[in-house]
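Engineer: Each chain, letter by letter, is given below.
Number of protein chains: 2
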Amino acid sequence: MDARPIGVFDSGLGGLTVLRVLRDRFPHENFVYLGDTARLPYGSKSPQIIRRYSEQNLHFLTQMGVKAVIVACNSASTQMRESEIDGLPLYNVIEPGARAALAASPRKRIGLIGTRATVLSRAYEDEIRRLDPSAEVFTQACPLLVPLAEEGWDGDPVANLIVYRYLQAVMQHQIDVLIMGCTHYPLLEGSISRVTGSSVTLVDSGEAIAQMMASDFKAGRVPAGDASKTGTLKLCVTDAGSSFQEMSRRILGPDAPAVELV
Amino acid sequence: MDARPIGVFDSGLGGLTVLRVLRDRFPHENFVYLGDTARLPYGSKSPQIIRRYSEQNLHFLTQMGVKAVIVACNSASTQMRESEIDGLPLYNVIEPGARAALAASPRKRIGLIGTRATVLSRAYEDEIRRLDPSAEVFTQACPLLVPLAEEGWDGDPVANLIVYRYLQAVMQHQIDVLIMGCTHYPLLEGSISRVTGSSVTLVDSGEAIAQMMASDFKAGRVPAGDASKTGTLKLCVTDAGSSFQEMSRRILGPDAPAVELV
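Protein sequences appear in the order of chains A and B.
Numbering-wise, this note's numbering puts 59 at position 59 of the first sequence, and it's gapless, one number per residue.
Numbering-wise, this note's numbering puts 218 at position 218 of the second sequence, and it's gapless, one number per residue.
One should not assume that every hint holds.
[What the hints assert, rightly or not] If you only want the chain B side, here are some residues facing chain A, beta carbon under 8 angstroms, derived: (1) 39; (2) 49; (3) 51; (4) 147; (5) 148; (6) 151; (7) 154; (8) 155; (9) 239.
Because the hints were derived from the structure by calculation, they are not lab data.
Glycine included, C-beta positions come from ideal geometry on N, C-alpha and C.
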């Protein structure tokens, strides 16, 4: 039994969709979440800056005494591909997402939507082709989807139209799987699934990472928490200006804790 | 004659719409532009963080030996209201914008659109009411308009629909002037003017600030540059990751200089 928390970080609130899945799957684990809201978004920034900010977030979580760290941000994940740093297990969303996409794609024709940084990095394409050289990947950067998700307009005609505009070209490639390559996008799953239809499977970073963590708990790579206790949650942000508190309640439910400024 | 440059800063590229107007009006002046792209956008951040970043930008420009500084960002302007700092003339967009709006509004019913930070600050409302207590101001935060402007979708049906959605409530108050309270918004002037129609005058931060500077040049508050020379321009950014170079050519014209990372 190891009561140390699991650290999760994102540039802002998108990673809360990952946290929601992880808390649901591992209810006895304690979590610390860091949203780097003072410097969000990462998706339009350079690889060097994203790496530097990610290292600083990792350092903060290390000082909180975490037993593992989840990079719950696709843009940051592209620049943090190590599976451990100084003995601390590190999870990024790329490998789990690539594996989940291949497992769900009989035709091996995979779509990927994400921020500019994620798409330009080619991290998913490289990982998918490493796992299966025969797979084809079709990508589209969607800069409007993050603010759209934060407006809470999922399912609204405006949101449907924007998603349609972005997905049009990718859909013409007869994809059977679409990786939602940004942790904000599950907040637009209504509009996205309306455009893709039921023949396309959506891959969610949170689900993908939870699957990989479950097998690592079993293998003992990460020691499990106290199964007799309900896990705790600490939410930290680097700037209090955004609507983080309200959105955290919308995503995690009304019992989400008060947000702490660090 | 004073050949020192005029400093202009913004969180990113929106301030280029202000720079475009200033270069057009004052062709003999030298300019240095700083886009704080490593930390953009400011519009979703807290007043404290915006103030701190703005002071750092000001410090950078001071070290470049500027003779005046333009805060070409509405979110930053709300937290930088001084008319000078350490003897250096400082221009924010709030007072010029408020004056231009009142001058163009016979009915004194003024609309304001901007980022969340700008709207929440109430800076425009306070300034307008200080100048004319009888004026009424109707505000709307429009978080999607910055990424929409950066996508270059002005005039597109999707852009028209989003602008319509945001402006609907403000338009019902029978405004006769709309302050585009974010320096990105002139990049969406096609869609905005389509929604407001010709009975509403749009106020552009660049035009408003150029008017105030023109009278300050005349009054000698800021010494004029060498009228026998064409002014130079230096473009600096704090992160090279975004599409700043491409957008700067789109806004300033094909002769915009290469962007320097600082």
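Engineer: All hints, please: hold or fail.
Structural biologist: Each hint tested on the structure:
At its closest, the beta carbon of residue 39 of chain B sits 6 angstroms from a beta carbon of chain A; the interface hint therefore holds under the 8 angstroms criterion. Hint status for residue 49 of chain B: holds, given a least beta-carbon distance of 5 angstroms to chain A, under 8 angstroms. Using the Cβ-Cβ criterion of 8 angstroms, the hint placing residue 51 of chain B at the interface with chain A is not satisfied: the shortest such distance is roughly 11 angstroms. Taking 8 angstroms as the C-beta cut-off, the interface hint given for residue 147 of chain B holds, the closest approach to chain A being about 5 angstroms.
With 8 angstroms as the threshold, the beta carbon of residue 148 of chain B comes within range of chain A, its nearest partner Cβ sitting at about 6 angstroms, so the hint holds. Satisfaction of the interface hint for residue 151 of chain B is found here, the shortest Cβ-Cβ separation to chain A being roughly 6 angstroms, below the 8 angstroms cut-off. Taking 8 angstroms as the C-beta cut-off, the interface hint given for residue 154 of chain B is violated, the closest approach to chain A being about 14 angstroms. Nearest Cβ of chain A to the Cβ of residue 155 of chain B: about 14 angstroms, over the 8 angstroms cut. The hint is violated.
Given hint, residue 239 of chain B at the interface with chain A, holds; its Cβ is 5 angstroms from that chain's nearest Cβ, closer than 8 angstroms.
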